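My request is simple: use the sequences and hints to build the entire structure.
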Amino acid sequence: MSDATTAWYYDHMGSSKGPFTPDEIRALIRADVLNEHTSVWSELIGEWKPLFRTDLRSLLGERTIQPPPLSSGSPAAPKTRSDEEALASLFDKPGSTSALGTREVPAQLPGVSPYAFASVRDNKFLGKALTWLVALNGGISAFEALTIIKASGGVSGKYQQAAFLDTQDVAALVAIPFLITIVVFLLWKYRSTSNLIALRGPQSVSAAGAVYWYFIPVAWFWKPYQAMRNIALGFGAGPVSAVQKWWAFTLASVFVPLVANASLPDQVTTIEQAQRYIGWSIAIYGVEVAWCYFAAELIKSVNASQSRALGQS
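Using the numbering used here, read the sequence shown as starting at 1 and increasing by one per residue.
Hints are computed from structural coordinates only; laboratory data are not their basis. One or more of the hints may lead you astray.
[What the hints assert, rightly or not] Ranges between beta-carbon positions, derived for each pair:
hint, residue 1, residue 2, range
1, A304, Q275, 43 to 51 Å
2, A283, Q160, 17 to 25 Å
3, G139, P257, 18 to 26 Å
4, K124, S156, 47 to 55 Å
5, V240, G154, 39 to 47 Å
6, Q312, S58, 36 to 44 Å
7, V183, S263, 26 to 34 Å
[What the hints assert, rightly or not] As a list, the in silico DSS-like pairs of lysine-lysine whose alpha-carbon atoms are at most 25 Å apart:
hint, residue 1, residue 2
8, K245, K124
9, K128, K245
10, K245, K300
Since this is a predicted model, take the numbers as computed values, not measurements. Ideal Cβ placement from N, Cα and C applies to all residues, glycine included.
Okay, structure coming up:
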C-alpha cells in the first residue's frame, strides 16, 4: 500500500483518532497537534510507533528529533490547538478531505472504546423528521411550479400566477416550513458530525463547524460540502456522488435566483419579458424540487448507515 493511500491513526490520551491522510497528518504537525513522538498506527506498519520511526518521518522536514520528556517516559502530549483549527486555518479544498472514512481498519487501542471520550446521540427521530420536512418543501415548490404551468389565460395568466407567488404574503407563508427545515437540518448535521467524531475521531470539520461554516463568507463555498462528505464517507452512506449532487443543487438554489433577478427588469412591460419571468420562476422552483429530492435521499442514506455504524436499532 502506498503512502498516498494509507490511513493513519494517532494516539490521543489513550484513544485512537483517525483515519487521516498524510496531507492531514502534515497539517496537524504544522499546527503542533502532533510531534515526532506521537504514537501512530497504520495498516502498513501494523503496530503503534513514534511518528519519526515511520514513513511519516519525511513530514517533519529537517527538524532535529528531540528526546521525549523524562518526567512521563511517554510520548509528548499533543498541544491544545484542535484538529479543526489546524485544518480549517489552511482552508483545505474539498478534494483534500480524507476519503478513507469507511475503511475497516482495526486501529483501536487495546481495551479502549471509541466512545470513551465522546457521547453518542440517537439521531434517528431527528433524521426522519428532517426527511419529511425536506419532502414537504419539495412538494410546495413542485405545487408552485405546476400552478404556473397549468394556469389558464396563456402567457398573461401564467405571468399573473408567477407574480402572485412572488408577493410578500405568499413568500412569508412558504418561508415558515423552509426556516423550520433549515433549523432542523443544521441540528441534524451538527449531531451527525458529533457522532462521527465519537466513532472515527477528529474530522476536517468539527461538529460546530458543520453549522457555522454556512455563515462564513467564501469558505461556505466548500466547507459545508466537506462536512457532509465527511458524514457520508465516515458512516459508509454510499458514493460521494450523492453528496456532490446535493451540493451542486445547493449552490444552484442560491445562484439561479440571483441570475434571474439580474436578468429581469424591475417592471415587466412586454410579452417577451413576461415569458422570461415565467421561465425563470419555473427554473427556480425546479431547482428547489431537485435539491429537496437529492437532500432527502442523502439524509435517508446517512440515517440508515449512521444507525448501523453506532449499533442503534
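Outcome for the supplied range 39 to 47 Å, where the beta carbon pair is V240 and G154: holds, 45 Å
Given the hinted pair K128 and K245, is their Cα-Cα distance within 25 Å? Between K128 and K245 the Cα gap is close to 21 Å, so the pair holds against 25 Å.
Holds or violated: 18 to 26 Å for the Cβ distance of G139 and P257? At 20 Å between Cβs, range holds.
So the hint says 47 to 55 Å: do the beta-carbon atoms of K124 and S156 match that? Since K124 and S156 have Cβ atoms about 49 Å apart, the given range 47 to 55 Å holds.
Range hint 43 to 51 Å (beta carbons of A304 and Q275) holds or violated: About 44 Å separates the Cβ atoms of A304 and Q275, which means 43 to 51 Å holds.
Quick check on a hinted range of 17 to 25 Å for A283 and Q160, using CB atoms only. holds, 18 Å
Straight-line alpha-carbon gap K245 to K300, limit 25 Å: holds, 15 Å
Taking 26 to 34 Å as the stated bounds, is the beta-carbon spacing between V183 and S263 within them? Holds, since V183 and S263 (Cβ atoms, about 32 Å apart) stay within the stated range.
Mind checking the hinted window 36 to 44 Å against the Cβ distance between Q312 and S58? The hint (36 to 44 Å, Cβ to Cβ) holds, given that Q312 and S58 are roughly 41 Å apart.
Just to be careful, I want the Cα atoms of K245 and K124 compared with a cutoff of 25 Å; is the pair within it? Roughly 23 Å separates the two Cα atoms, so the pair holds.
Against the hints set out earlier in the document, no violation occurs for any number.
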